[in-house]
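Visitor: Listed below, chain by chain, are the residues.
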Amino acid sequence: MFTACDDFLDKEPSKSAGITISQVDELEALLNKNNFGSGMLDNNYASILSSDAFELNAEYYDKGFSKMNTTPEIYQIICWQMGMTENTNEKVSMWNANFSSIYLANLILENISKVKGAKEKIDEVSYKAHLLRAYNYLELACYYCMPYGQSTLNEPGLPIKQKTSYDEDMRRVSLKDTYDFIEKDVLEAVKLNTPLFEDNVRKSWKETGATANSLAARFYLLKGDYEQAKNYAKKALDFGNDLLDFNNPDEIAGADVLSFSDHSIIKMSTWWKPINSKQTFRSEKDREYYSKDNYYLSINLWGVPSPKLLNAYNHQYDMRYRYFIVPNFQKVFFMGMFANKFTMDVPGYGVFDGVYTTGPNVAEMRLVYAECLARTGNIAEAMSQLNDFRKYRIDKNAPSNVINLTATDKQNAVALILKERMMEFPFSKRWNDIRRCNFNDDPTDDITVVRQFYDVQKNSVNKDVVKTYELSPTSRNYPVAIPNAEIVISKGAIEQNKY
Amino acid sequence: MNCIKIKSFIILLLILVEVPNLKAERKTVLSELFSEEIHATITNSQTAPSDIHQVAQQKHQTSGVVYDEKGEVLIGATVMIKGSTIGTVTDIDGKFILSAANDDILLVSFVGYITQEFKINGKTKLKIVLKEDSKILNEVVVTGYQTISKERATGSFDIIRQKDMDRPRVNIGKSLLGKVPGLSASQSADGEVANFVIRGQGGLLTNTTPLLVVDGFPIEGGLNSINPNDVESISVLKDAAAASIWGARASNGVIVVTTKKAKDNKLTVEVTSQLKIGSKIDLGYLRNVASSKDMVKYEESLFGKYGIKEFGSNTDFSNFKSTINYTYSQVGILRNKHISGEISDQEFNAQLEKLKQLDNNDQLKRAFYQQPIFQQYNIAIHGGTERMKNFVSIMYNHNNPLSKRTNSENWQFNYRGDMSVFKWLDLSISSYLQYSKSKGTANFKIKNLAPYDMLYNADGSYANLNHLMLYSPMVDAMVPKNLFPYEDWGYRPIEEMNNTNSINKAINGRFQIGLNFKLMKGLTFDSKLQYERIQADEKTIYNENTFYVRNKINTSSSWAGNNNKISQNLPSGSIMNLSNSLKESFNFRNQINFNRIIAEKHAINAIAGLEISQMKSNDTNYAPTYGYDPDHLTVGIFPNGTKNLKNWTGNDLAIDYINKFSYHLDRYFSAYGNIAYTYNDKYSVSASVRTDASNFITDDPKYKYSPFWSVGFSWNIMNEEFMKPYKFIDFLKPRITYGSNGNSDSSTSVIPLISLNGFNQISGDLEASIWSKGNPSLRWERTNTLNAGFDYSLFNKKLYGKIDFYTKQGYDILGNVSIPMINGATSAVFNNAEISNIGFEILVGSDLNITKDLKWSGSITLGYNKNKVKKLTSTSVPYWWLSGEGVSGNFFVEGKPIGQMYSYIYGGVKNVGTESSPKYLPTIKLNDNEYMPFGGSTSYDGLDFMKYEGTTIAPINAGMTHAFSYKNFDLSMTLTGKFGHVFRRTGFNYATNYTNPNAQLKEIMNADPNEIVPMPIQDNDNLATWSKAQYMTYLTSSASHVRLQELLLSYNLPSTWLSKLSMSKVTLYFQGNNLFTLKSTDEDPEFLYGNIRIQPSYTFGLKCIF
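Chains A and B are the protein sequences, given in the same order.
FYI, the numbering for the first sequence is 6 to 504, going by the numbering used here.
FYI, the numbering for the second sequence is 144 to 1249, going by the numbering used here.
Be aware that one or more of the hints could be misleading.
Unchecked claim - With a Cα cut of at most 25 Å, we get these calculated PhoX-like pairs of lysine-lysine:
{"no.": "1", "chain 1": "B", "residue 1": "1062", "chain 2": "A", "residue 2": "68"}
{"no.": "2", "chain 1": "A", "residue 1": "20", "chain 2": "B", "residue 2": "1013"}
{"no.": "3", "chain 1": "B", "residue 1": "436", "chain 2": "B", "residue 2": "499"}
{"no.": "4", "chain 1": "B", "residue 1": "759", "chain 2": "A", "residue 2": "20"}
{"no.": "5", "chain 1": "A", "residue 1": "16", "chain 2": "B", "residue 2": "436"}
{"no.": "6", "chain 1": "B", "residue 1": "1039", "chain 2": "A", "residue 2": "496"}
{"no.": "7", "chain 1": "A", "residue 1": "468", "chain 2": "B", "residue 2": "803"}
{"no.": "8", "chain 1": "B", "residue 1": "1014", "chain 2": "A", "residue 2": "496"}
{"no.": "9", "chain 1": "A", "residue 1": "463", "chain 2": "B", "residue 2": "1068"}
{"no.": "10", "chain 1": "A", "residue 1": "496", "chain 2": "B", "residue 2": "845"}
{"no.": "11", "chain 1": "A", "residue 1": "16", "chain 2": "B", "residue 2": "803"}
{"no.": "12", "chain 1": "A", "residue 1": "468", "chain 2": "B", "residue 2": "1013"}
{"no.": "13", "chain 1": "A", "residue 1": "463", "chain 2": "B", "residue 2": "1062"}
{"no.": "14", "chain 1": "B", "residue 1": "759", "chain 2": "A", "residue 2": "16"}
{"no.": "15", "chain 1": "A", "residue 1": "472", "chain 2": "B", "residue 2": "1062"}
{"no.": "16", "chain 1": "A", "residue 1": "20", "chain 2": "B", "residue 2": "845"}
Said to hold, decoys possible - Per the computed footprint, the stretches of chain B lying under chain A, defined by three or more beta-carbons under 8 Å from a beta-carbon of chain A, are:
{"no.": "17", "segment": "808 to 814"}
{"no.": "18", "segment": "908 to 917"}
{"no.": "19", "segment": "1234 to 1243"}
These are computed hints drawn from the structure, not numbers from a lab.
Glycine is no exception: its CB is placed at the ideal position from the N, C-alpha and C atoms.
With the hints as constraints, model all of the structure from the sequences given.
Guide: Now the structure itself:
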């Protein structure tokens, strides 16, 4: 009798909200939503605060630099007191955001063999899901784990989630196993051949072949496999290698921004002309392969350039210095909202839309390609690639020796390329460069960072004591702490980093 | 003659039925196919002529008068000769005349009275006194599936009789207030009942409202779809015995409404009308805003502090873009103009002084509010013949609520017909049709207005208040308004109200058809079908005179600061929004009933049935219609299409042109059975079983089914020999039930579900999001309920009532549980909570005749419920959700009741800096040594340092009624009380960015900063982090209160006057509702400051029966 009724009860309660997955189009629609939603935002504080491109000193603090005094976590990350960061708001953590995307990838992969649709589409969505999972795992590994290297292979990695169910082992596997797991996904992802351009629109908000290959290049660069990294960087560039030319006034412009406090005009750059823009959603910015952004406004602070960063630029000819370094950033109108009592001129690195792009782009792949050439001994070609890149960044009226650099040896070539990367990505990719350089097989590229600041404590900053903080290649203070709530809720199955 | 016709018809039918069985043995077939009664009918009809002859010879005229116990005559009482169809009805003087034989027995019955038998014994003049149906004796419980006499019932239930409902009502909700122990009601500001909870909340996430059943079927339309004048009785079923018969949807109890049927052959017309006059708005309570003077002073204290943005009017376009939507109060604008040098010191001070003198309260009151008036007219006509009884009623309501330019009308039609088609078949048809129409206007947020925002200019014209909507100084300074589609950018609230019209029309219908086959003595078969349809259409038109339209069209135009190029993207003219919704449901039930007393000692009442039901809803939200011309029904076109457009600030413009549809379907299949057996009128045993299956999504069909069951026992002690000496006890019945019930949640599933969001207008791609991450452990929630109690009546009903104890233990209750974020979420819904509700309920009632004319009856109800979340796997309870700040949805704490309240302990102002660089901040006490400053954080769990303050849900609900009756006057009152709970009273809101400081500003002025959170000490503190001050222990107050729900005076016109008017009854009512509330604070715990509070209303009513 009851089975007879199953037909009656088999009718699903909804047609749009709360439905089961049956079509590949539905899985693709989940990805589409993620591409337009919070899945494209990073909460990567360390990439802004922890590198040697960032400056905070006692004087700024004394003059009331921003209201970030309510968030001790920011000082802890700046001074690499990573063990104290466990008391973070886990809701806005990378941990939460990235595992949400990993859940989505797992949901797609669990259903991909069950859905109806064209085989090509099913394969494409599957590759995209592997890409999504690999991308998010790699970001997590670069934030919450020790950097990858021969000395750290047995350090704790991440819990491996491959299913949507709640019963998987929550314990962190080793760093090696974590990278092996990511590699498998990366190798699936690079099968993706979706073009970057569709109808002449650069669909950088979506997963494409360019995203997959640039992710693979990044991944192997982090692992120190420069041959592979080079090959994938090349493949990524094949999807589109066009750079924004800072010498072309049609491609970059300075916007006039009214100062908050004294009504003076401040020059500030935009990646696009805000008026009469023909761009559709998500501008091309610096020719992205994947539109992942870190919203620096959301944490109420901006990238404050360190003297080291400022000195790296040729102040006269480097257009990045000209466009992006704003000497009195606190006067910029929207910054004034957060720091309007701060009267000291503090420089800032920023563009008008308030984001630092963390996703892979043409500039990154060109420099990865150049670095891999250098690291594998092809110095001449590496320098040629570097100088070709610099043409887009250095004023064309500069003397040729300012534009074109020469390297004396491999170590020098690598150093020049790393410096270029710092100038190009100071508050997005520099932090990862420090991490990888200090743990790769090459001891000559190591970077030690030193800061002087007040004594940073768990809940406050003690202004009575000034301390010198140092992040050396032997430090254990690279990973940010996993949110404490996660340790508690997992009943200790997920272990905290040891500092 | 009629009788004979029916009988002949039945015989004819019998013959027809039997033709195919001619060869079968006639008697057997008859008794199998039909009941003994019908067989007997045939015999009778064959012998009828001689019987009639015999009776007629011995008959003589008998007359009499029927009185009630008060000595009033009863009009319309039925007097029948037992065992015959001969009878009559008492006339206006209570008289009847009948021809009867000497040894005939008269059966006299009247609604609400006990049917009595009188032997004629040769008398010709009879005086018959009918006893009123006792409070507890001979009452019946209508469960919706069956009707059981109270003596045999084992379960816990309450009955509201017509007497208690016979008064003006907007809906029936109020009739239950204070009369049903264990029932807790929430009221809306107009005093009507919005929601009920029976015996505490049993689930965390699933629905907690009781099932509402009308005439045997659950309805979707709610209390307002029931005509209060048509209700005969209400049964409230509270325990497992009740719920198990109703299955999955009944775990929160069942309210069973039975509507009136035509009772007798006499045509009766009832006309009722009422006029309810509500109190005018308490605007001060609703706005709860500081005075103009205090507000200006407060705003002055914010100048240049707390990170509040300050900027002038004229700036470059990029600043314009990012600030145009900031709204500042008039004071805030003056401040900005002053620091940017646009106005002089002198003008600045003069303007501030001027604002301090203004008060818009009277203007607001006059412009937006009216006297609430509710009118109701109802006419009910019923009557019929032996074979067909009809009941028709038509009700009309007209309501003018508090807000001007809003009103609603409501027509309701009910029909109920009961037909006895054949002796073996009854047919009942009922239908209900409701048409309602409500008119509304702009959704105006009165609380946005500062007390100095006057509606009128000095010259009487409407003032422009567009600073409430955007940063108006920049619009004035920078926007070439004359080049935009609408030059007028003004926002004038009265104009907004006058030019926005919304109309909501609803047509609800409910149709029932029921067939009752009498198969044999005591055995019947019911087949019933209900179809319900609720259809609503909503239309809102904003015309060009509204800011809404002008601003929308202007800001949608492309401009981007380029004064020569303004391109209109939306057509000019009115904007119309349309939406509609349709809910359809049906139930189809087939049930077999057996109800018989065997060998005088064994009473059996059993039912078994199958039921399917479906509820389907379809909603449509249409995209706005732009450029609508209501006179010619034409619409505008998008001048530049819909793609690649920019708005006035140069941002992407997404024109909403997409219609949205939604659909939901719930299906249930149920099989059920119930048996009650009573031995010798003493011992009753009951058992019921039911299984429900729903269409929720699972990969294993077995999860769709859930069995429910209950058993019960009751003992009618008074029928025992050994109780005979205890004469003072009229009635005593201990009873006990135990059962298991369940609830399901069709919004979640075992497997992850998604929802399709439609196409992204910018990317053009189809988008979908995760709807539910799935609950692999999903199963039915189970609640085991034990109920033990007894009913009693003492001293000839002078004292009566009942006492019940219950425990409800819920297992596998769905709860929101913290899970590690590696699962892609911070919480998930699992079936792993346990909830217990333990309580008792007492009803004490009394009827006394104080003097011959003066009677008093009263009752007290008391319900105590102890609710506790016994288990909830959640290891961490963060303080920011324990306090309730920034958390949406319900969260619960293991070991505490649902509705737990936790507060911060204020630690006073502390130096959180160092001695050399002090920083003073208000703090929250963590323990004796540690304090968390405002804006700071802690790694302590919320439970480690926050104070548990009790529950916000009243554990004690009490009610008291008194009714006095003196001659033709009746006076009654109902009080309800809720006790033992707490609420968080409104504290100062530490208004920032020039929003309105509330009236509690005075509490912090001159207060000790270590007792009450003061304003910030440093100028650069972030006032936004002061929101924690709203969750301090010092704001917790007792929420206990008592309300006078009702005071009713009614007067029955003397029958001597009425007879001249050929009326049988005329009653006048005067009723006052919500006349007062006793509470511990000025703030009403159920209507907090900032809301419309409950206020007295006065109703005049009239009821005439012809």
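Visitor: Sort out which numbered hints this structure fails and list those numbers smallest first.
Guide: Per hint list: 2, 5, 7, 10, 12 and 19 violated.
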